[in-house]
Each structure stands twice: as C-alpha cells, then as structure tokens.
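Engineer: In full-length UniProt numbering, the protein residues as written are 1 to 200.
Don't read these hints as lab results, they were simulated from the structure.
Certain hints may be false.
[Claimed, not checked] DSBU-like cross-link-like pairs, simulated, lysine-lysine; straight-line CA separation at most 35 Å:
(1) 84 with 177
(2) 94 with 174
(3) 177 with 103
(4) 125 with 94
(5) 84 with 130
(6) 177 with 130
(7) 177 with 94
(8) 110 with 84
(9) 110 with 177
(10) 125 with 110
(11) 174 with 130
(12) 110 with 130
(13) 103 with 130
(14) 177 with 125
(15) 174 with 125
(16) 103 with 125
(17) 103 with 84
(18) 125 with 84
(19) 94 with 110
(20) 130 with 94
(21) 174 with 84
(22) 174 with 103
(23) 174 with 110
(24) 84 with 94
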Amino acid sequence: MVSATLGVSFVLTGSLTFGHKVNVHKLAAHVFPVSSDLMTWMHGARVIAKSEASEASSSEARDRVQSEDAKEAKVSLASQGERKLITLTAEELKQYDGSDPSKPIYLAIKGRVYDVSAGEQYYGKNGGYKFFAGVDAARAYITGCFETHLIPDLRGLSETEIESLSSWTDFYEKHDKYFYVGQVIHDPIPEDAPLPAPCR
C-alpha cells in the first residue's frame, strides 16, 4: 500500500517538483477526478508532462524548442521591450482565469505574471491545472496544497522552500509558448494576520 503522503521527490512536470509534502489523494481528485489510484494518477501526470513537452511533432521542432539559442533569443526580445509589460491588481488578475475565451490565461508566481494561453487544455476552465489560472498561487507550488494555499503568502516557509520556486519561474520563462507579461501587485499583509494553516 503506497502512503497517501508523498515527500519532496514527487515529480509533476519533467524535473520540476513540488516541495514539502503533497497529499496525493487530494491532488488526484483535482487533476484526475475519475481515478484516485496512485499509480494510475502518477502515469497520468507523466502523460501531461510529456504531451506538453512534445506538442511539436517533428525532430526539427523539438531541437528548436530545446535550443539554448532560441531560449536566449526569447529572453532577449522580452528584455528589449518587444512586449508591453502590464501591472495588475490581484482582483484584475482573476479576470484571466480561462473562463472568458476572449481573454488570455494568466497565472502568477511571487508577483510575476505569465501568459499560459497556449496551454489552454491544461490551465483553461476544463484543464487539470485550472486552479493555478487567475491567481498568484506561489505557496501552493511549494506545499502542493491546492485547496487552501492558492495564495502568494509565503510567511512561515523556509528560505530553501521559497528558493525552490525558481524552478517554476524558470519553467514558465524558458518555455517556448508561455511567457512573462508583467507583475501583479498584492495588498500588504497585516502584521497581525495569522500564518496560513498547514496543508492537510
């Protein structure tokens, strides 16, 4: 019997990992509600990761996607201001959750906003990762708690855990179809606000 709690080695997308402890049955209910069997779910997670990585079918396209030159060129274009960067409030960010087909799909991590419209099948209203769309869910990327930690509040987490978010920002910034579009400004957290409850 495999334990319902999986530790830091849990892999969701390629080499990217969720930190801390992840409740597998809760996550399975979100991503693959038809089956909560752990091995079936883990196979499904690999399928999603592979399908997103292999959307370009020809070997030439795969080489181009993985080319460091292509990635660097993309970053260079963004840094040169080819795209007009935006600034949103948390309330405005909610408008880009994939529910309106006329608007792009955005997600945010530590205030950095990314356009993931090209992954509508993953982040759109019927996607397995739809809970990431329209919010800054930085804490959930660390804890794997997708019910109560879809928030930017990182208080109470270790420096190592917070630093692990860089693997996610790198993923979105270096992706061949997702890109950085600007920032979301959050209201200050009151000094007397309680820490977010532990993930259960």
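Engineer: Does each hint fit the structure? Answer for all of them.
Structural biologist: Now for the hints, and whether the structure bears them out:
1. 84 with 177: holds (17 Å)
2. 94 with 174: holds (24 Å)
3. 177 with 103: holds (16 Å)
4. 125 with 94: holds (13 Å)
5. 84 with 130: Since the Cα atoms of residue 84 and residue 130 sit roughly 26 Å apart, the hinted pair holds (cutoff 35 Å).
6. 177 with 130: Holds - the C-alpha atoms of residue 130 and residue 177 are around 17 Å apart, at most 35 Å.
7. 177 with 94: It holds: about 21 Å lies between the C-alpha atoms, which stays within 35 Å.
8. 110 with 84: holds (20 Å)
9. 110 with 177: Roughly 20 Å between the alpha carbons, so the hint for residue 110 and residue 177 holds.
10. 125 with 110: holds (23 Å)
11. 174 with 130: holds (21 Å)
12. 110 with 130: The given pair, whose Cα atoms are some 18 Å apart, holds under the 35 Å limit.
13. 103 with 130: holds (15 Å)
14. 177 with 125: holds (19 Å)
15. 174 with 125: holds (24 Å)
16. 103 with 125: holds (12 Å)
17. 103 with 84: holds (16 Å)
18. 125 with 84: holds (26 Å)
19. 94 with 110: holds (15 Å)
20. 130 with 94: holds (12 Å)
21. 174 with 84: Holds, at roughly 18 Å.
22. 174 with 103: The hint holds at about 23 Å.
23. 174 with 110: Holds, because 17 Å separates the two Cα atoms, which is no more than 35 Å.
24. 84 with 94: holds (20 Å)
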